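2 protein chains.
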Amino acid sequence: MSTRRDVRRELMSAAISLSLANGFGETTVDEIASAAGVARRTFFRYFRVKEDAVFPDHDDCLRRVTEFLDTAGSARSPLSVVGEAAGIVLDMYAGDPETAVRRYELTRQVPALRERELATTSRYQHAFAAYLNSRRPDEHRDAFRLRHEVAAAAVVATHNHVLRGWLRAGGTGDVRAQFGGALAEMTDALQPWLDGRAGSEQPSSDEILVVVASRQASPWKIAEEIEAFTSRSL
Amino acid sequence: MSTRRDVRRELMSAAISLSLANGFGETTVDEIASAAGVARRTFFRYFRVKEDAVFPDHDDCLRRVTEFLDTAGSARSPLSVVGEAAGIVLDMYAGDPETAVRRYELTRQVPALRERELATTSRYQHAFAAYLNSRRPDEHRDAFRLRHEVAAAAVVATHNHVLRGWLRAGGTGDVRAQFGGALAEMTDALQPWLDGRAGSEQPSSDEILVVVASRQASPWKIAEEIEAFTSRSL
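Chains as they are written, first to last, in the working numbering: chain L, 47 to 280; chain H, 47 to 280.
By construction, these hints were calculated from the structure, which means they are not laboratory data. Remember, it's a predicted structure, so these values are computed and weren't measured experimentally. We put the beta carbon where it would ideally sit given N, CA and C, even for glycine. Be aware that one or more of the hints could be misleading.
Partial pick of chain L residues on the chain H-facing surface, computed with a CB cut under 8 Å [claimed, not checked]: (1) Val84; (2) Ala85; (3) Arg87; (4) Leu159; (5) Glu161; (6) Leu164; (7) Val196; (8) Thr204; (9) Glu231; (10) Met232; (11) Leu236.
Please take these sequences and the hints and turn them into a complete structure.
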């Protein structure tokens, strides 16, 4: 006897296969249920509408992403936590490359499915921005909302860029490593802004200053440099 | 007699008003047409489906954005051209604050309309990334695709952040000035990465080095600094 999870995946697989073969609009719920070996009413026990069968894992994934963010603690940089959360989404695709590639082929053909996927993406992005806002002290939050929105969008864009490249390559290659590299590059570019070292708002007064200097440098010279730097930019 | 444009706007206005009053799902095309003083078949001369009547201007706006990008020339920085293109979208909203605010109220209530708007946003973002790619020399394009995707997403996030704030404030305040400020802040943060001064790829060999130094500094000392800098990062 099939488990709940098996039935879900069989319905998804049938929905994608039949839609690729005959068109999404032309494929009926009856046909999908029949191909998966279940009754029509069983389909509706799992999915509300036909579109949902193509993306059966996003609700669960969003729940896991939100739970991860809620319990991430404050020991790590907010942006790196969000990057790791996006990695959970990537893992969902990477865990089943064959399905991911076939679904990608299908969503490129069917605007309604592409819209559905975009809506899902926007829910992740919203969760990322909310998390970045939550990590900012109350008194600075409003001044950083733009940066958090942009950073959340940047993580999603980085995720989608890497995912799309991997899907176009037929789901081959180490997508996690590629994502790690892209994320590091994007983080290098955005972190200073998130730290308040650029832009028009005042950074927080408890900002930490990291000084990198030659061991041979005179401490007085270093002090001078620090003084010049902080009076300019803090 | 009404012009084409008047009828479009009357249908839109009726669609938004009736949907706010009675619910979007409960509002029929017949009711919208009747409230706008036209026949049902006239509605379908302007719009394919009911959703389209809520957003009558996006197709035209996307056409203007694309045309603007196609003819922008190469005298200005690609990112500032994209920022100006996003300003065309903002102007569409700002040109009719009352409608924009009522539509915002409606899209927050109706997931199908929110999905439709997200799909539209993604078309702008796609056009922005394509433009940034087109401005990059062939031999560097692949190395910069991630940056272009992130920059396009950042412009859209900046636009949406400012637009949403303005809509929540009831469509009052100088939204163009707010967008200009937010865009400048975001550009400050992202421009160095787009210029190739950060990230892991090699910058182009014809990159220009701008040296800022004290007029009292020894030229030999400056040369030494340049040498150290370029051997490290070029």
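How the hints compare with the structure:
1. Val84: At about 28 Å, which exceeds the 8 Å cut-off, the nearest Cβ of chain H leaves the hint on Val84(L) violated.
2. Ala85: violated, 28 Å
3. Arg87: violated, 24 Å
4. Leu159: Not OK, violated: Leu159(L) not within 8 Å of chain H, min 11 Å.
5. Glu161: holds, 5 Å
6. Leu164: Interface hint status for Leu164(L): holds (5 Å vs cutoff 8 Å).
7. Val196: holds, 5 Å
8. Thr204: holds, 6 Å
9. Glu231: Holds. Min distance 5 Å.
10. Met232: Given a least distance of 6 Å, the restraint on Met232(L) holds.
11. Leu236: holds, 6 Å
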